[in-house]
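Sequences are here, hints too, so could you generate the full structure?
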Amino acid sequence: MENQKQHQAAYMRRSLLDQGYLDEQFIHLEELQDDANPNFVEEVVKLFYTDSARFIRNIELALENGPCDFARLDNLMYQFKGSSSSIGATRVKRQCSQFQEYCNAKNIEGCKNTFQGVKQEYATLKTKLEAYFQVSLSLIRYIGNYSKD
Amino acid sequence: MGMAATESKFHVLAVDDSVIDRKLIERLLKTSACQVTTVDSGSKALEFLGLQEHDKNHTNQPCVSLDNHQEAQINLIITDYCMPGMTGYDLLKKIKESSSLRNIPVVIMSSENVPSRINRCLEEGAEEFFLKPVRLSDVNKLRPHMMKTKCKSQLQEEPEIIVTEENQGSIEIAYVVPSEVPLTGPDTVQQEQQQKSQGNSNINKRKAMEENLSQDRTRPRYSSLTTAV
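If you read the sequences in order, they're chains H and Z. Sequential numbering from 1 applies to the first sequence in the numbering used here. Sequential numbering from 1 applies to the second sequence in the numbering used here.
Some clues are possibly wrong.
Below, computed lysine to aspartate or glutamate pairings styled on EDC-like, alpha-carbon distance capped at 20 Å [to be verified]:
#, chain 1, residue 1, chain 2, residue 2
1, Z, K23, H, D35
2, H, K46, Z, E26
3, Z, K23, H, E2
4, Z, K23, H, E42
5, H, K46, Z, D40
6, Z, K23, H, D23
7, Z, K23, H, E24
8, H, K46, Z, D17
9, Z, K23, H, E60
10, Z, K23, H, D51
Incomplete in silico selection of chain Z near chain H, CB under 10 Å [said to hold, decoys possible]:
#, residue
11, D21
12, K30
13, I118
14, L122
15, K132
Just a few of them, taken from the derived set where beta-carbon distance is under 7 Å, the chain H residues facing chain Z [what the hints assert, rightly or not]:
#, residue
16, L17
17, Q19
18, G20
19, V45
Quick caveat, the hints were computed from the structure, so don't treat them as lab data. C-beta: ideal position from N, C-alpha, C; glycine also.
Here's what the structure looks like:
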């Protein structure tokens, strides 16, 4: 049972990396996890969710009410990109960069379109991460029960 | 856990407005056996450090309290560059302008690779400039800078940071897990990373060195400490 979960978790991680949803930064986070801090990655990712929800809401508001404050939009996206980068969320990060380019060009339509992309990538990543944690966390807890020999 | 007591650990002040990055840097530093205080702004950092200015008006000792508690001594400040209000650069300048704080090594972090920014910070006195996301290999570079705040003659030279299970600061782990133990996934990677090119003999040797150090570190750096009220 444990073996199967191991393989499943490894497979899911591998495919998240191969498909570019996550990069090696995520692996580095997992490496920082240990018996004393078994929920580190989960906690970081939860912070990412709350941060992201806040950024998305604020960017949405800034895009709707308008005349467009490009400086503010750029700043919000800069922060969102930073969070994404810290957990290794490559695709989200790339969309954020693209948004910033449209900001610099003061292209509001470009911003709005790219923002849809940002939200989509974020939503997809969240779904995949939740599925991944379902497997990997149950595995960590399993190991935690049996590792002390 | 018999090893280095809390008061002999290096104490780092980490400044970042991002909650994720604060969590990250805290974990990295704790993995590197440091005591960590995190704040979310430059002004809060100065507030934290500013306690020292009132208590130690004319000394170079960067201590938070009057008591001779080693854990109150800040051995390094690591700060994000881009922050609302006071930037990391502004904070760096203020620290270097302060007679009581200027000897604390400062490291800047940024997600943007801007050479002119990097140069500016280094010229202002920053010891290092790390690009985010910060990694364990970056944090391992901090130790030589922190050693400067301790008396050099009292400490042996530490050639390399070897992050082992023992110095992760976790109380539960009192042994180094050998590589034959069937850990899986992230744990295995972590074990392999930590053990890298070292054998058990190096770990024991390092442990002996650390125990030696912990005694030395409890001695104050400056003899003027007792008179500086």
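Here's how the hints hold up against the structure:
1. Z:K23 <-> H:D35: holds, 17 Å
2. H:K46 <-> Z:E26: With Cα atoms ~16 Å apart, K46 (chain H) and E26 (chain Z) stay inside 20 Å; holds.
3. Z:K23 <-> H:E2: With Cα atoms ~30 Å apart, K23 (chain Z) and E2 (chain H) exceed 20 Å; violated.
4. Z:K23 <-> H:E42: Given that 20 Å is the threshold and the Cα spacing comes to 12 Å, the pair holds.
5. H:K46 <-> Z:D40: OK: K46 (chain H) and D40 (chain Z) at ~19 Å, within 20 Å.
6. Z:K23 <-> H:D23: Holds - the C-alpha atoms of D23 (chain H) and K23 (chain Z) are around 19 Å apart, at most 20 Å.
7. Z:K23 <-> H:E24: The given pair, whose Cα atoms are some 18 Å apart, holds under the 20 Å limit.
8. H:K46 <-> Z:D17: Judged against 20 Å, a Cα distance of about 17 Å means the pair holds.
9. Z:K23 <-> H:E60: Outside the cut-off at roughly 27 Å; violated.
10. Z:K23 <-> H:D51: Cα-Cα ~13 Å, so holds.
11. D21: holds, 6 Å
12. K30: With Cβ-Cβ at 8 Å, under 10 Å, it holds.
13. I118: violated, 17 Å
14. L122: violated, 22 Å
15. K132: holds, 6 Å
16. L17: At 13 Å from the nearest chain Z Cβ, L17 (chain H) fails the 7 Å test, so the hint is violated.
17. Q19: At 19 Å from the nearest chain Z Cβ, Q19 (chain H) fails the 7 Å test, so the hint is violated.
18. G20: violated, 17 Å
19. V45: violated, 9 Å
When held up to the earlier numbered hints, the structure conflicts with 3, 9, 13, 14, 16, 17, 18, 19 and fits the remainder.
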